[in-house]
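> Sequence:
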Amino acid sequence: MGLVGVQGDGNGEMALSLGSKNKYKRMDSELSDDFEDDASHHHYQLERKKSTRKYVLACAIFASLNNVLLGYDVGVMSGAIIFIQEDLKITEVQEEVLVGILSIISLLGSLAGGRTSDVIGRKWTMAFAAIVFQIGAAIMTLASSFEVLMIGRVLAGVGIGFGVMIAPVYIAEISPTVDRGSLTSFPEIFINLGILLGYVSNYAFSGLSVHINWRVMLAVGILPSVFIGFALFIIPESPRWLVMQNRVEEARSVLLKTNENDKEVEERLSEIVAAAGISNGEKNEEKAVWRELLSPSPSLRRMLITGFGIQCFQQITGIDATVYYSPEIFHDAGIVNKSKLLAATVAVGVTKTAFILIATFLVDRVGRKPLLYVSTIGMTVCLFTLSISLAILGKGQLGVAMALLCVCGNVAFFSVGMGPVCWILTSEIFPLRLRAQASALGAVGNRVCSGFVAMSFLSLARTITVGGTFFLFSLFSALSVAFVYKLVPETKGKSLEQIELLFQNHNEWDGSEMELGDAQHLVHKA
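In terms of UniProt numbering, the sequence shown opens at residue 1 and continues consecutively.
Don't read these hints as lab results, they were simulated from the structure. These figures come from a predicted structure and were not determined experimentally. Errors might be hidden in some of the hints.
Pair by pair, the computed Cβ-Cβ distance ranges are [unchecked claim]:
#1 L475 to L46: 50 to 58 Å
#2 L475 to S209: 38 to 46 Å
#3 K263 to A58: 20 to 28 Å
#4 S209 to E92: 19 to 27 Å
#5 S339 to R462: 22 to 30 Å
#6 L208 to T463: 32 to 40 Å
EDC-like mimics (lysine to aspartate or glutamate), calculated; alpha carbons at most 16 Å apart, straight line [unchecked claim]:
#7 K49 to D262
#8 K340 to E328
#9 K395 to E328
#10 K54 to D179
#11 K338 to E328
#12 K123 to E237
#13 K494 to E292
#14 K123 to E250
#15 K257 to E47
#16 K49 to E264
#17 K395 to D332
#18 K257 to E147
#19 K89 to E147
#20 K54 to E260
#21 K50 to E271
#22 K494 to D364
#23 K123 to E147
#24 K494 to E271
#25 K494 to E237
#26 K50 to D179
#27 K338 to E86
#28 K494 to D179
#29 K486 to E497
#30 K49 to E260
#31 K49 to D179
Note that the Cβ used here is the ideal one computed from N, Cα and C, for glycine as well.
Could you put the whole structure together from the sequences, leaning on the hints where they help?
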């Protein structure tokens, strides 16, 4: 019966078989559709990731253009001052004032920049900085006397002060957490690029007549600020500033362009809203920013010591003296010919620019603190060796070679750590409501120390010799190693809001930061 049933039901079995095949076809079709959906979603995510990174990179580059102005001024003035002195017959004291006044005056721009950027936004503060600098550079180019030159220098200093403080803040606020360190180092890269362009400009135009060459050198500095005008049509406003203005939807729109997935956008937006003190679209009452800065809480005091201290150490170790007065340093070592002096400064500029790229590559991979250790220790060794070389070797070929090696080594170690990481730290450690103005305070410390070093270097070198001056810088550099060890936490991989919590829980530093010995791994990698 069973066999008969099977045979008799042969058509039915066939029908069952066909039905089963249809079922499997439907399942295969569903699996295929799911696979295609997954592949399509994966392709979309890859494309969004690429476009997001390109967009953020473009924003960081355009925001850093103001820093080219500072770098170019530092580099070009080191050579232009030789010809200004010859053309306008200025004294050595006037030379020191002319070189150093830009750093002193730029602190006014930095101080005003914090409040200005909170009122009109980060983006338009950068535009204002470029306009003020252009006016100052034009006046310097046409100056017929020391007094007119100083007026242009003052205006250029104010513009640079605005630009230098706002660029790192803006970039830190638009960057994804994973890339924030490398992107926030862009302003330092552009400062170094500006210095190199200034050195090249000196060398290229030095052959013109004394009355013309320094004017052309200064006039070329106007060009980068022209590109900033075009940049304003591309870069967005900072999402964190938009949240502070209670423009949350606009902030979300910017975050969608600068972050790779929607979930991360909502997480970042929630953190920013909470950090800004906004709940249900209304701002909580907070005491005035400057009152809070002048009477800080324990956590804010730690932030201010770290931010202000690292900015001051960046300058009192003598980097601006090395860059502004490199022709005088090489002249003291034995190079007399002007063209050779300017060619030697080009070598310094190339070294400084090349090594900043290393820092950009490593800062989000190995962290801020190991780079600071390598930088400060290396600078200390180079500065000490340079002081001994200038004091003992005298004006021979060996003295020239050692001076060039030590100066290039000093700027290389500076560019690897202290140069970019200083600005990265001060743009990421402060709370959102205080970030712009607290960063401005750090920039003020930086500019005051820079101005003091630039305006006193020649007088100090005449008193205790150039070698003695660099020995003094080496002592400050040694102190900076201890400062980094004791007072700088590791911030790699943390959101800006998490870093704020890190300073509130000071005891967690020990578990989160890289120890001094770990920097040895970085040295071995290099």
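> Confirm or reject each hint.
Evaluated hints:
1. L475 to L46: 50 to 58 Å: 52 Å, holds
2. L475 to S209: 38 to 46 Å: Given range 38 to 46 Å: holds, Cβ gap about 43 Å.
3. K263 to A58: 20 to 28 Å: 24 Å, holds
4. S209 to E92: 19 to 27 Å: 23 Å, holds
5. S339 to R462: 22 to 30 Å: 26 Å, holds
6. L208 to T463: 32 to 40 Å: Distance hint for L208, T463 holds at roughly 35 Å.
7. K49 to D262: 12 Å, holds
8. K340 to E328: At roughly 12 Å apart (the allowed maximum being 16 Å), E328 and K340 satisfy the hint.
9. K395 to E328: Holds. K395 to E328 sits at ~13 Å (cutoff 16 Å).
10. K54 to D179: Holds: K54 and D179 sit about 12 Å apart, inside 16 Å.
11. K338 to E328: 11 Å, holds
12. K123 to E237: 6 Å, holds
13. K494 to E292: 24 Å, violated
14. K123 to E250: 14 Å, holds
15. K257 to E47: 12 Å, holds
16. K49 to E264: 13 Å, holds
17. K395 to D332: Judged against 16 Å, a Cα distance of about 7 Å means the pair holds.
18. K257 to E147: Violated, because 48 Å separates the two Cα atoms, which is more than 16 Å.
19. K89 to E147: 12 Å, holds
20. K54 to E260: Holds. K54 to E260 sits at ~11 Å (cutoff 16 Å).
21. K50 to E271: 25 Å, violated
22. K494 to D364: 11 Å, holds
23. K123 to E147: The hint is violated at about 33 Å.
24. K494 to E271: 12 Å, holds
25. K494 to E237: 22 Å, violated
26. K50 to D179: Cα-Cα ~13 Å, so holds.
27. K338 to E86: 13 Å, holds
28. K494 to D179: 11 Å, holds
29. K486 to E497: 22 Å, violated
30. K49 to E260: Within the cut-off at roughly 5 Å; holds.
31. K49 to D179: 13 Å, holds
Figure legend: structure checked against the earlier numbered hints; hints not met, in rising order: 13, 18, 21, 23, 25, 29.
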